[in-house]
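Following the hints, put chain U in place on chain V, whose structure we already have.
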Amino acid sequence: MKECVLLALLALCSAKPLFRPSYVTLKNMMLKDMEDEVDGDPDDDNSLFPTREPINPFFPFDLFPTCPFGCQCYSRVVHCSDLGLSSVPSNIPFDTQMVDLQNNKIKEIKENDFKGLTSLYALILNNNKLTKIHPKAFLTTKKLRRLYLSHNQLSEIPFNLPKSLAELRIHDNKVKKIQKETFKGMTTLHVLEMSANPLDNNGIEPGAFEGVTVFHIRIAEAKLTSIPKDLPSTLLELHLDYNKISTVELEDFKRYKELQRLGLGNNRITDIENGSLANIPRVREIHLENNKLKKIPPGLQELKYLQIIFLHSNSITKVGVNDFCPTVPKMKKSLYSAISLSNNPVRYWEVQPAAFRCVVSRMSVQLGNFRK
Amino acid sequence: MKATIIFLLLAQVSWAGPFQQRGLFDFMLEDEASGIGPEEHAPVDSDLEPLGPVCPFRCQCHLRVVQCSDLGLEKVPKDLPPDTTLLDLQNNKITEIKDGDFKNLKNLHTLILVNNKINKISPGAFTPLLKLERLYLSKNLLKELPEKMPKTLQELRAHENEITKVRKAVFNGLNQMIVVELGTNPLKSSGIENGAFQGMKKLSYIRIADTNITTIPQGLPPSLTELHLEGNKITKVDSSSLKGLNNLAKLGLSFNSISAVDNGTLANTPHLRELHLDNNKLIKVPGGLAEHKYIQVRPHHEICEEYLGSECPYRDVRRQEGKLCLQIFFAERCF
Chain V
1 MKECVLLALL ALCSAKPLFR PSYVTLKNMM LKDMEDEVDG DPDDDNSLFP TREPINPFFP
61 FDLFPTCPFG CQCYSRVVHC SDLGLSSVPS NIPFDTQMVD LQNNKIKEIK ENDFKGLTSL
121 YALILNNNKL TKIHPKAFLT TKKLRRLYLS HNQLSEIPFN LPKSLAELRI HDNKVKKIQK
181 ETFKGMTTLH VLEMSANPLD NNGIEPGAFE GVTVFHIRIA EAKLTSIPKD LPSTLLELHL
241 DYNKISTVEL EDFKRYKELQ RLGLGNNRIT DIENGSLANI PRVREIHLEN NKLKKIPPGL
301 QELKYLQIIF LHSNSITKVG VNDFCPTVPK MKKSLYSAIS LSNNPVRYWE VQPAAFRCVV
361 SRMSVQLGNF RK
Chain U
1 MKATIIFLLL AQVSWAGPFQ QRGLFDFMLE DEASGIGPEE HAPVDSDLEP LGPVCPFRCQ
61 CHLRVVQCSD LGLEKVPKDL PPDTTLLDLQ NNKITEIKDG DFKNLKNLHT LILVNNKINK
121 ISPGAFTPLL KLERLYLSKN LLKELPEKMP KTLQELRAHE NEITKVRKAV FNGLNQMIVV
181 ELGTNPLKSS GIENGAFQGM KKLSYIRIAD TNITTIPQGL PPSLTELHLE GNKITKVDSS
241 SLKGLNNLAK LGLSFNSISA VDNGTLANTP HLRELHLDNN KLIKVPGGLA EHKYIQVRPH
301 HEICEEYLGS ECPYRDVRRQ EGKLCLQIFF AERCF
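Listed in order, the protein sequences are those of chains V and U. Here the first sequence is numbered in the UniProt record's numbering, starting from 1 and rising by one per residue. Here the second sequence is numbered in the UniProt record's numbering, starting from 1 and rising by one per residue.
No lab work stands behind these hints, which were simulated from the structure alone. Beta carbons: idealized from backbone N, C-alpha and C, even for Gly. Any given hint might turn out to be false.
What the hints assert, rightly or not - Here are some of the chain U residues that sit facing chain V, going by a computed Cβ distance under 8 Å: (1) Phe-57; (2) Gln-60; (3) Asp-70; (4) Glu-160; (5) Gly-183; (6) Tyr-205; (7) Gly-252; (8) His-276.
Extracted from the complex, chain V is given alone in its bound form (with noise of 0.2 Å):
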């Protein structure tokens, strides 16, 4: 039930009450406060600037509901993008949920930023300037499960993250690396989106996934060469898209046996070695489009579910009856929606069609012109 109250806000809202109370409201509670005997409070004190002595105010301070100047609060959401900040606000109400800063000029997020936000459950970091998270920053934030991190400068995933992290992206940073202890512990960590750092397969280390759960991995735009092995075994989908992968070998997948959907375009890929598809008997989705493959991957035809494989713009010569198709039509559960061939030195005219039997219809295929 909490959760859903959660989710509506995550949805970034569909929650009606946008911003603070009405002004009648407002204006009611300050004149009813107003005529309160108030007694102060010197531990209340929230003013901006440190005061010499404790202020005892006559009323509280906060009055107003406290927000940051500039930041809207709303339905436990504080709202401070774009507003020039070169620091997190100090006076973020302890109950907030949701916290966008994105696009300001945060350097570092120390210690004390986000202490005793313990409703916190997500943070958005984007664009900023971040080179620095204090390890004890996520001390308090028990409840966080959605951090964006994306288009900072950071050179490492930060330590201690909470693990009741579901959502992490970083993507565009500085991270060279995967710590063997960076994810300890996040049992439910189900999206990782890392894409655009300087990755190579050396950088993750041995063990680093392990006992974590990760359903979508993607890892495009970074140096890997190879497919990594130590992936979470759980994924469902993992996009490796933009690297440098040159061949996929018999093991690679051994891991990955729930994957669904897999995403290698714009790689160097010249080789897919036998066997190795048959590893993800669930895959519905192939992605292969402008790699260096000379031939159509062995194994497709065992794929019972896979509907949809891009292979344009690769350098494959031949198509064979068999090469997408069982011999057996029963075999295949479900068929092919998409194929795509294009841009290949394929003599299409050779190719029979047949080779195409297992297709939801003939607008399935696209074979095309190509051009050098």
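Frame of chain V, contents of chain U only:
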């Protein structure tokens, strides 16, 4: 060319395939303690699975949230699931929003197009979005705000574009609008049509910071509670421009070139509670502070100096019985 067209057609067909992402955020529906993980992979026995909503390749779709950020997309993906409520397309390379890009997205309430290269939005592009509440267009190349924005819109962000003109017509009838953020645009005062914001009956927050405007925009709606005009070239606070802003609680005018605040300004904003005037050219404290009921002031340091010789006025004021709300904060160097 022909090949591309065919391919595009094909791509569309391909999205129509029955693949459906599962399990990505199931945890959000579950109780904390209950099982977290992908749904059962139901074995498929039929030859043809039923067609269902699909997720564009590389995007993540879950619980009607379609997340397609950071993918290098040059256009809005085709065939988005029609029940999508939030579409995140930030950090791509989209140059144009066309009519039909969002067709069928009747349930969309949030559209995030931040950090693309959008320089053109077709006038009919947002028409199908009957429930859109939030439209984030920041960090693009727009020269004007889009026409025909949905009447349901509550929040519009167009920070860091190339907007030079704000016409009254684009906001007309947007009666649900609460937040408008237009900071960091090459706007001049003459580019903002008089009363441009007046048509928005619920407007509560305006931010036009870091532009070239030299005056406070005229004809602001009385519903306004926050006005942020930091980092502009405003030289004077004209009391008439704030007239009728009975609800204004926060006014940010830091980093301008203000040398005078009209007497009566504060009387026109009776519920002002926070006024930022630091980093300006003021030589005296704005008139009417002492009479003002709610204000908390952060004057810039030259003003503070005026107080330095005497006792701290804020203590004085607080000693007065029956007078509650005046608190003045000093910049640190005042003490």
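Tell me the numbers of any earlier hints that the structure contravenes, in ascending order. none
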